[in-house]
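S.K.: Guided by the hints, dock chain R onto chain E, whose structure is given.
Take a look at the letters that make up each chain.
There are 2 protein chains.
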Amino acid sequence: MKLADLPQRLLLGPGPSSVAAAVLQSLALPVIGHLDPAFLAVVDDVQKRLAELFRCSAGLSIPISATGSGGMETCLANLLEPGDRALVAVQGVFGERMHSIVERIGARPIRVEAEMGRAIPPEQLMAAIRSEQPDLVALVHAETSTGVAQPVAEAARAAREQGALVVLDCVTSLAGMDVRFDDWAIDAAYSGTQKCLACPPGLSPIAIGPRAFERLARRTRPVPSWYFDLSLLGRYYGSERVYHHTAPVSMIFALHTALERALGEGLEVRFERHRRAHAQLVEGLEGLGFHMLVEPEHRLPMLNAVIPPYADEARARRELLDRFGIEVGGGLGKLAGRIWRIGLMGENARPEVVDRLLGALGQLSR
Amino acid sequence: MKLADLPQRLLLGPGPSSVAAAVLQSLALPVIGHLDPAFLAVVDDVQKRLAELFRCSAGLSIPISATGSGGMETCLANLLEPGDRALVAVQGVFGERMHSIVERIGARPIRVEAEMGRAIPPEQLMAAIRSEQPDLVALVHAETSTGVAQPVAEAARAAREQGALVVLDCVTSLAGMDVRFDDWAIDAAYSGTQKCLACPPGLSPIAIGPRAFERLARRTRPVPSWYFDLSLLGRYYGSERVYHHTAPVSMIFALHTALERALGEGLEVRFERHRRAHAQLVEGLEGLGFHMLVEPEHRLPMLNAVIPPYADEARARRELLDRFGIEVGGGLGKLAGRIWRIGLMGENARPEVVDRLLGALGQLSR
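Heads up: the sequence lines are chains E and R, in that order.
Last residue of the first sequence? That's 647 in this note's numbering, and every number before it is there in order.
Last residue of the second sequence? That's 647 in this note's numbering, and every number before it is there in order.
Chain E extracted, bound-state conformation (with noise of 0.2 Å):
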């Protein structure tokens, strides 16, 4: 294959989404030690930036060297150990990969179900958090494999109350919806850069607050991972600028960019402009014969989880790539063959890209 050849796609599927010019352009720099002064300072920006866009005032927000499963790890791996018991809310794909990697760890799993394509009730997971007491909670905020934005300030509220750390992936949120580090009580988020930030895939943005670092320091045994280690991390990331791994330069250039333009922005005008662009995209579709998988009041504006009127699905997802040049997602696990997933990520939360959505959806073959 020369790279030369490469098709130029349109990305609406779950990730990664279409990145600007000009964040290729900070990619495409050159390359500068990871220890350079100026390096250094291109990361201090870097991390006052993600604890910007995670509203995380205290702690360390940080780019994982690793895509968002990687910062799921990070976040997890740090903060159990073996026996300790966290329950997870499962809603999808990305609950079930936070209850797989509990249980690697050594720690207890405890279940909170959703049907896929629902929430789960805030009332029914602070009243599970209240009698299971567990020592942390996971939740997904923003279930990428069914569209489903899950409500999780009062459930985070609820496990502080009783003394439980709050992770939260907010792979698919971030930058394109609402995520509040210090108001809702939590004590680690991740994400991912080729979401909404709309940077390319390798690096998962990270935050981590007082009470997880508090956590960490009581732990009896080492992180069973080295790499993903955050008091070795803090090392790097902190004031000592100690070697830890070869930080990846490049991606961090491209971050640094991807995050002046989210915040450069403002993010209120940002989330309005997904919201607006999944009305038109809802609105349109369903004029075209698709149903929205999850309800209303429930559904993410960046990730559409909708039922394709095609007898042949993946037939259908194929002559969009091949004829328009678009990508959409189709299901992952249960929804395999039943759903497509249309992102509307970062750039791609515009009108003009609705229009041509749904102009090549309009003239596909039935």
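It is possible that some hints are incorrect.
Given that identical chains are not distinguished, each listed pair holds provided it fits within a single copy or across any two copies.
Listed below are the simulated SDA-like cross-link pairs for lysine to any residue, each with C-alpha atoms no more than 25 Å apart in a straight line [claimed, not checked]:
{"#": "1", "residue 1": "Lys283", "residue 2": "Gln414"}
{"#": "2", "residue 1": "Lys615", "residue 2": "Asp317"}
{"#": "3", "residue 1": "Lys283", "residue 2": "Val374"}
{"#": "4", "residue 1": "Lys329", "residue 2": "Arg542"}
{"#": "5", "residue 1": "Lys329", "residue 2": "Asp464"}
{"#": "6", "residue 1": "Lys329", "residue 2": "Gly545"}
{"#": "7", "residue 1": "Lys615", "residue 2": "Glu567"}
{"#": "8", "residue 1": "Lys329", "residue 2": "Glu384"}
{"#": "9", "residue 1": "Lys283", "residue 2": "Pro491"}
Bear in mind the hints are in silico, worked out from the structure with no lab data behind them.
Predicted model, so just to flag it, every value in this text is computed and none were measured.
M.R.: Here is chain R on its own, set in the frame of chain E:
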């Protein structure tokens, strides 16, 4: 920090090394989806090229979505279970890192050690392997903290005779000197993109052989890391192409081009280029009052550990960076403040680069 104001640097430290314009251009190509057939064709090429570079004819050669230390953790965490005995050859910081990871896994490390700046005699390693009969032997081919080339072929063959698996760190050696996965009887090897491959940091190429996969199949417990679990990664990088995590698309584009350049040059030609640049550097440095830390027969061509003739080595490095735009590395661990590490990796293993460094050093304040 405005990215437009970033300084230009000649990267002659222990990595990252300077990246060719063609590789940076590939990095900046428009992003496409990680399950797009066009991207999977790129991944196919990368896997074939990595197998050629590692000289690994069977098994799996893939890029891990993390830096070199993530590749280290992948190899050890998949091939060891709690209680397994791992003989670790420690000649510096990266041998220590392997030792630490072995402990975190709950396996039992057996330490064979050399003084910083020396290789471990192969006979000593072979004798230890025969008497200890470990489950796994972990070797560092090119110890980046000391500039030592460790002879590994005899020890690896002794390990195979005893039925032990062999994990080889070739972070700094791969693409700069010969690495022979098949011939040396290696079972798992890992590297980094930011050294002799002259690609930005962020990926860890690994090769996993058939005996390693047999061991994986015999595991009695899940791999502690979900992110680095080779059975799951093998479903994306194997024929199934099932989603695991979102592959770092842009970095894989860059690796595609970096591999094309390395293999296109011819590996023997490339290795000879590294040897010649090293010889030129050593001669020039000795004329300037530097001393080599390592005896001639164990020196790495691409990473030169040298004792600088300056009273304040940190100040001299800073002058080299600020006045001449050249980065060299300081010492790590016990060698901090005592040595410099001068890398001539990938694009920088060229006479004109050595000329520029020597010219700058000749002008440095004493």
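S.K.: Hints first: check each against the structure and report whether it holds.
M.R.: Evaluation of the provided hints:
no.	hint	result
1	Lys283 - Gln414	neither (56 Å within a copy, 48 Å between copies)
2	Lys615 - Asp317	between (48 Å within a copy, 21 Å between copies)
3	Lys283 - Val374	neither (34 Å within a copy, 39 Å between copies)
4	Lys329 - Arg542	within (14 Å within a copy, 38 Å between copies)
5	Lys329 - Asp464	within (18 Å within a copy, 50 Å between copies)
6	Lys329 - Gly545	within (14 Å within a copy, 43 Å between copies)
7	Lys615 - Glu567	within (23 Å within a copy, 67 Å between copies)
8	Lys329 - Glu384	neither (34 Å within a copy, 35 Å between copies)
9	Lys283 - Pro491	neither (49 Å within a copy, 30 Å between copies)
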